[in-house]
Amino acid sequence: MKKVLAVLALVVAGCGTPEAANRGGASGDITVFAAASLTESFTKLGKDFEAAHPGAKVTFNFAGSSALAQQLNQGAPAELFASAAPANMRQVTDTGTVKAEPTTFAKNTLQIVVPKGNPGGVTGLADFAKADLKIALCAEQVPCGAAAKKVFEAAGVTARPDTLEQDVKATLAKVALGEVDAALVYRTDVKAAGDKVEGKDFPEAAEAVNAYVIAPLANARNKVGAQAFLDHVVSEAGRAVLVEAGFTAP
Amino acid sequence: MTGVRAGTGVRRARLPVVLVVPAVVGLAFLLLPLVGLLVRAPWGTLPQRLFSAEVGDALLLSLVCASLATVVCVVLGVPLAWVLARSDLPGRGVLRALVTVPLVLPPVVGGVALLLVLGRRGLVGQYLDAWFGISLPFTTAGVVLAEAFVAMPFLVISVEGALRAADPRFEEAAATLGASRWLAFRRVTLPSVLPGLVAGTVLCWSRALGEFGATITFAGNYPGETTTMPLAVYLALESDPDAAIVLSVVLLLVSVGVLAGLRDRWIRGAA
Numbered sequence: 000m001k002k003v004l005a006v007l008a009l010v011v012a013g014c015g016t017p018e019a020a021n022r023g024g025a026s027g028d029i030t031v032f033a034a035a036s037l038t039e040s041f042t043k044l045g046k047d048f049e050a051a052h053p054g055a056k057v058t059f060n061f062a063g064s065s066a067l068a069q070q071l072n073q074g075a076p077a078e079l080f081a082s083a084a085p086a087n088m089r090q091v092t093d094t095g096t097v098k099a100e101p102t103t104f105a106k107n108t109l110q111i112v113v114p115k116g117n118p119g120g121v122t123g124l125a126d127f128a129k130a131d132l133k134i135a136l137c138a139e140q141v142p143c144g145a146a147a148k149k150v151f152e153a154a155g156v157t158a159r160p161d162t163l164e165q166d167v168k169a170t171l172a173k174v175a176l177g178e179v180d181a182a183l184v185y186r187t188d189v190k191a192a193g194d195k196v197e198g199k200d201f202p203e204a205a206e207a208v209n210a211y212v213i214a215p216l217a218n219a220r221n222k223v224g225a226q227a228f229l230d231h232v233v234s235e236a237g238r239a240v241l242v243e244a245g246f247t248a249p
Numbered sequence: 000m001t002g003v004r005a006g007t008g009v010r011r012a013r014l015p016v017v018l019v020v021p022a023v024v025g026l027a028f029l030l031l032p033l034v035g036l037l038v039r040a041p042w043g044t045l046p047q048r049l050f051s052a053e054v055g056d057a058l059l060l061s062l063v064c065a066s067l068a069t070v071v072c073v074v075l076g077v078p079l080a081w082v083l084a085r086s087d088l089p090g091r092g093v094l095r096a097l098v099t100v101p102l103v104l105p106p107v108v109g110g111v112a113l114l115l116v117l118g119r120r121g122l123v124g125q126y127l128d129a130w131f132g133i134s135l136p137f138t139t140a141g142v143v144l145a146e147a148f149v150a151m152p153f154l155v156i157s158v159e160g161a162l163r164a165a166d167p168r169f170e171e172a173a174a175t176l177g178a179s180r181w182l183a184f185r186r187v188t189l190p191s192v193l194p195g196l197v198a199g200t201v202l203c204w205s206r207a208l209g210e211f212g213a214t215i216t217f218a219g220n221y222p223g224e225t226t227t228m229p230l231a232v233y234l235a236l237e238s239d240p241d242a243a244i245v246l247s248v249v250l251l252l253v254s255v256g257v258l259a260g261l262r263d264r265w266i267r268g269a270a
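Those protein sequences? They're chains R and A, same order as listed.
Here the first sequence is numbered in numbering that gives the first Met the number 0, starting from 0 and rising by one per residue.
Here the second sequence is numbered in numbering that gives the first Met the number 0, starting from 0 and rising by one per residue.
Among these hints, one or two may not hold up.
Cross-link-like lysine to any residue pairs, in silico, SDA-like; alpha carbons within 25 Å at most [claimed, not checked]:
1) Lys195/R x Gly212/A
2) Lys46/R x Asn60/R
3) Lys129/R x Thr139/A
4) Lys148/R x Val54/A
5) Lys168/R x Gly198/R
6) Lys129/R x Asp128/A
7) Lys168/R x Glu237/A
8) Lys148/R x Ala242/A
9) Lys168/R x Val232/A
10) Lys46/R x Lys106/R
11) Lys148/R x Pro222/A
12) Lys106/R x Glu152/R
13) Lys195/R x Ser134/A
14) Lys149/R x Ser238/A
Treat the hints as calculated values from the structure; they're not laboratory data.
Since the structure is predicted, the reported quantities are computational estimates derived from the model, not experimental observations.
The whole structure should be built from the sequences, with the hints applied where relevant.
Below, the structure is given as structure tokens:
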């Protein structure tokens, strides 16, 4: 049975890129706590990784970075933590849950998102000040809302939102349903929403760049696997997956 | 222990351990989280947090919206309960099951459903918007609707139960004495189910006060307009857990106060 598996593994490895073959013997379970906005891209990275490393099994726990940091500090077992913001990573480095230096692996910026066909005729950030348009923003307490605040300050626009949503996906949903004329969400979320919405770039987005950082946990049980998956995320192939999802390179 | 002692003494007080132990665990399970909230509350800074403008706005909005939602529920729910209890409508059983759906539906689903019907692009909402320029999402009226949607089954079930328990012969007697159906309903039926109606109203109001999922999904969140206490608690938790605890304590005290105040007088009478 083992021989059969080994042969199968060789075949699978042979199908992938040769340099991605099983180096360093990474195997076993690798649990990754990752920001919710990484759901699509990390699921893909995990599948690619498992294909290249027979015997490795990557399991994800996707949630808000702040919630994940709290779970890790309470002792949740994991190998890696990928946070949507350095601030949330600091929550675990402060307690010693993570001792390694975090690696920045991707960046995300805000985009204006409008329903398909742009019924509100939104062209730029200035339209967010119009009283007759329905506007949704993330609440300032969550990262996308904090980023939105920064870009409005940079643009000198006083936004007049009709609702301050509790997370980025809820904000996007109001646009996808056509209930609001515009919102600010991450570029990756616009991409993940497909053709129900349209994304528009704006120059002030550069004022609030969100850096994604990843680091292994100090008490990771599968240290070899953790390092191997981290290497995969920052590799050329990993970056390609992230860029495909709408992230920019660090 | 209790079982053994009761066995040797008064027969009436016999409480088998098999029941007492899980009952105590159940009680602890329900009460401990509330105790935790009170223990962790930042009592020192509580007054100044309590009298901040946002808390005042959110509490006032919560109380007003829950009360308006309750009015909507009573005006629509009592006749609905009457139809379910007294009419010989075909498919009444199915209707009764449908009425209780919002009870078990995840409130977020209720919010999505409301958006799809009453939203700007909704089945009904698109005409409200086009003909009258009325848009319900992201308004205080939207909060009232979301709360009424979730809370109405509590009222309907209570009143319907009371109506079924009440003897319809009194209404018939009133009718034979020349009272109209409406007069008989007002002067005979309603007074006889009053405790049930009050109990249902209190339950309905409490449920509306605590409503979160449907509200945030349908009405959104904007301070002073749609940010009710539960929404404020949720968002405060993201940035300032102490503020969330204070808001939670306030909500807890208001709910317990109202339930306790009315319980002795009305709810026990209905049971």
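A quick look at each hint next to the structure:
1. Lys195/R x Gly212/A: holds, 24 Å
2. Lys46/R x Asn60/R: holds, 15 Å
3. Lys129/R x Thr139/A: Given that 25 Å is the threshold and the Cα spacing comes to 20 Å, the pair holds.
4. Lys148/R x Val54/A: The hint holds at about 22 Å.
5. Lys168/R x Gly198/R: holds, 15 Å
6. Lys129/R x Asp128/A: holds, 19 Å
7. Lys168/R x Glu237/A: Holds, at roughly 16 Å.
8. Lys148/R x Ala242/A: holds, 21 Å
9. Lys168/R x Val232/A: holds, 19 Å
10. Lys46/R x Lys106/R: holds, 22 Å
11. Lys148/R x Pro222/A: Within the cut-off at roughly 16 Å; holds.
12. Lys106/R x Glu152/R: With Cα atoms ~21 Å apart, Lys106/R and Glu152/R stay inside 25 Å; holds.
13. Lys195/R x Ser134/A: holds, 21 Å
14. Lys149/R x Ser238/A: Measuring from Cα to Cα gives roughly 17 Å; hence the hint holds.
Of the numbered hints listed earlier, not one is contradicted by the structure.
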